Amino acid sequence: MIDHDQDSRPFLTILTPQGRGAVAVVRVWGRGAVAVADAVFRPARGPGLARAKAARLRLGRIGRGLGDEVVAVVIEEDPPVVEIQCHGGSAAVGLVVEALSEAGARLAEPAVWAELTGELSLRADALLDLTRAPTLRTAEILLEQTQGALDRELMRLIEEIRGPHHVALEHLDRLIARGQVGVRLTTGWRVVIAGRPNVGKSRLLNALAGYQRAIVDPTPGTTRDLVTALTAFDGWPVELVDTAGVRETDDAIERSGIDRTLRQTETADLVLKVLDRSEPLQVDDRTLMSGPGPALLVASKADLPPAWELEAAAAASILAVSAERGDGLDRLLAAVIAALVPVTPEPGAGVPFRRAHLDRLERARAALEGGNHELAIQSIEPMLESAQRVQS
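For the sequence shown, position 271 (counting from the first letter as 1) is numbered 271 according to the working numbering, and the numbering increases by one without interruption.
Do not rely on the hints blindly, as some may be mistaken.
[Said to hold, decoys possible] SDA-like, lysine to any residue: derived pairs with alpha carbons at most 20 Å apart:
hint: 1; residue 1: LYS53; residue 2: GLU77
hint: 2; residue 1: LYS53; residue 2: PRO80
hint: 3; residue 1: LYS53; residue 2: GLU83
hint: 4; residue 1: LYS53; residue 2: ASP78
[Said to hold, decoys possible] Label pairs and their calculated CB-CB ranges:
hint: 5; residue 1: VAL71; residue 2: ASP327; range: 55 to 61 Å
hint: 6; residue 1: PRO164; residue 2: LEU329; range: 31 to 37 Å
hint: 7; residue 1: GLU102; residue 2: ASP359; range: 44 to 50 Å
hint: 8; residue 1: THR228; residue 2: GLY326; range: 21 to 27 Å
hint: 9; residue 1: LEU59; residue 2: ALA338; range: 24 to 30 Å
No lab work stands behind these hints, which were simulated from the structure alone. Keep in mind that this is a model prediction, so the values were computed, not measured. Even glycine gets a Cβ: it sits at the ideal position worked out from N, Cα and C.
Model the full structure from these sequences, guided by the hints.
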């Protein structure tokens, strides 16, 4: 614990996880924050930060030698808070942190920011989650929540609950829909690739991941253990899982792999059911196609002569792809994103990002539908910062 009563130096906190995104965010806060940041910030033109207007972005450099090109902004004046955006690599972040430390700032964990600045509830939780955001896109959404986006939206919602019934219900529905995305901002989604042996699952995983993660071999049953690859689709974090081929077998080891595959498909956020279009459909294919759960049907090896027509194979649409040539991958990616992220939060929107937030919003919706406006408000208020709570 930092004894802030005995040390009046400002703090600096790295808000984004280092090395995961193209941009890192460093925040300097507390007494003397503007002076410390101004001492190391070399503006591209115009005055330094001490004379800059609040909320105005300034381009410049920080660090030894040429330093790193950064964007700096005084986001609050009382208490003073300066935000610095630099390149996301560890070396670039290190240059900025080193310069600020030498100028008098002291490094603090995000939890210290929450404790010492009085950030409670939503903003503090968002700040902690921000350090675990795996992509720049998810980090940007969480950063907006640290700046009060969800607080402000909940305040508006409470006022709407006291007004026309349908307006508040529609607002609650939008928030709950965004929350389905928000609860995945740090964990991402799990997409399982399933199908018979040798239908092209491993090659498809490598193509979607953008690098070779799984072994590609013409021998059926090559993949017996789960193979995973972490990637991002349009900035949304996704874990791809290549599974053992599903077929009838007497091989105990292969049977164990198939059992793991079936368990993975039951818990996946989405299953890509892969069918080999260059071979006639088999009983195992039909069984896979009729399985439960959210899924997309994928016809692989579209670069080879087809053995069956897409329209005749199933009532649902089938996406034809060639992992070898890349044909159809863009369409498949778009379909995966649409299935995982049906609602894309607009910039600046309040986004519930914890399961507890969704539970409270769903209770509020049930109360409002039952005509109990005060109970709906009471379900929402505990999420708000104490200084902003609306009194009934």
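Results of checking the hints against the structure:
A hinted pair counts as satisfied when its Cα atoms are at most 20 Å apart, and LYS53 with GLU77 qualifies at roughly 10 Å. A threshold of 20 Å between alpha carbons decides the hint, and for LYS53 with PRO80 the separation of about 12 Å falls inside it, so the pair holds. As the CA atoms of LYS53 and GLU83 are separated by approximately 13 Å, the hinted pair is consistent with the 20 Å bound. Proposed proximity of LYS53 and ASP78 is supported: the alpha carbons are some 13 Å apart, at most 20 Å.
Range check, VAL71 to ASP327: about 40 Å between beta-carbon atoms, so the 55 to 61 Å window is missed. Look at PRO164 against LEU329: about 46 Å separates their beta carbons, and that is not inside 31 to 37 Å. Taking the beta carbon of each, GLU102 and ASP359 are about 46 Å apart, inside 44 to 50 Å as hinted. Against the hinted window of 21 to 27 Å, the Cβ-Cβ separation of THR228 and GLY326 comes to about 22 Å, which satisfies the hint.
Distance hint check for LEU59 and ALA338: the Cβ-Cβ separation is about 37 Å, which falls outside the suggested range of 24 to 30 Å.
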